[in-house]
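The chain contents come next:
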Amino acid sequence: DAGVTQSPTHLIKTRGQQVTLRCSPKSGHDTVSWYQQALGQGPQFIFQYYEEEERQRGNFPDRFSGHQFPNYSSELNVNALLLGDSALYLCASSSTTGLYEQYFGPGTRLTVT
Amino acid sequence: ILNVEQSPQSLHVQEGDSTNFTCSFPSSNFYALHWYRWETAKSPEALFVMTLNGDEKKKGRISATLNTKEGYSYLYIKGSQPEDSATYLCAFVADSGGSNYKLTFGKGTLLTVNP
Chain E
1 DAGVTQSPTH LIKTRGQQVT LRCSPKSGHD TVSWYQQALG QGPQFIFQYY EEEERQRGNF
61 PDRFSGHQFP NYSSELNVNA LLLGDSALYL CASSSTTGLY EQYFGPGTRL TVT
Chain X
1 ILNVEQSPQS LHVQEGDSTN FTCSFPSSNF YALHWYRWET AKSPEALFVM TLNGDEKKKG
61 RISATLNTKE GYSYLYIKGS QPEDSATYLC AFVADSGGSN YKLTFGKGTL LTVNP
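As given, the protein sequences belong to chains E and X, one line each in that order. Following our numbering, the residues of the first sequence are numbered contiguously, the last one being 113. Following our numbering, the residues of the second sequence are numbered contiguously, the last one being 115.
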């Protein structure tokens, strides 16, 4: 079992560009949550996807959007990148029958210049 | 806005020392508390999920306690080893009345164990 995987590992983008980050959940998991960890902060909840729909959302602007595919993998899209979007983006997967088990991927490091 | 605080922010101990850190969270609307161990460039590793007031969990040399009435959890490491060096994160889950399960993290405690 590969666990939760994320791609790419690192990414450098310019202000104003758009970026797509990807996450494959742990086998058997159907729910994917995305978190942003800015420097010196704890991870902050962005949104959660279940059954290909956004189920709940944190306090992030509409520039942050996502998608979940029928195989439960997920994408996080950020439009009109700002310098402040530079952060580590973490994906967590879980199952609706085992919500306590929240498994994390290693993250994608996004740098906006 | 939920406030989850961890202290200390960082900690340096010698190999063999025992240590502990604190996670403070809202004392109302509690559902669960998670502890994670996070080494640089790796995925956060789940240590404990605690759900009941008075819960005590143990995994090898690491243990945790939970007090939901006063809103705190302690993580203890007995006989610290250099491989225990990591950031320890706690995450609070509020009771949302449904299946919405969202982790609200503290900023973490960075533990460095010197050989």
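Check each hint, because a few of them may be wrong.
[To be verified] Pairwise CB distance ranges, derived in the manner of DEER restraints: (1) X:Ser28 x E:Tyr100: 17 to 23 Å; (2) E:Ile12 x X:Thr51: 38 to 44 Å; (3) X:Gln81 x E:Gly3: 20 to 26 Å; (4) E:Arg15 x X:Asn53: 46 to 52 Å.
[As the list claims (entries may be wrong)] Partial pick of chain E residues on the chain X-facing surface, computed with a CB cut under 7 Å: (5) Phe64; (6) Tyr100; (7) Gly105; (8) Pro106.
If you are wondering where the hints come from, they were derived from the structure by calculation, not from laboratory data. The beta-carbon is built from N, C-alpha and C at its ideal position, and this holds for glycine as well.
Here's how the hints hold up against the structure:
The hint said 17 to 23 Å for the Cβ distance between Ser28 of chain X and Tyr100 of chain E, and at roughly 20 Å that hint holds. A C-beta distance of roughly 41 Å is found between Ile12 of chain E and Thr51 of chain X, which places it inside the suggested range of 38 to 44 Å. Evaluation of the 20 to 26 Å hint for Gln81 of chain X and Gly3 of chain E yields a pass: the beta carbon distance comes to about 24 Å. In this structure, Arg15 of chain E and Asn53 of chain X meet the distance hint of 46 to 52 Å, their C-beta atoms being roughly 48 Å apart.
Interface hint at Phe64 of chain E: violated, since its Cβ lies 15 Å from the closest Cβ of chain X, which is beyond the 7 Å cut-off. Look at Tyr100 of chain E: its Cβ gets to within about 5 Å of chain X, closer than 7 Å, so that hint holds up. Residue-level restraint check for Gly105 of chain E holds (minimum Cβ-Cβ distance to chain X is 6 Å; threshold 7 Å). A least Cβ separation of about 5 Å between Pro106 of chain E and chain X falls short of the 7 Å threshold, and the interface hint therefore holds.
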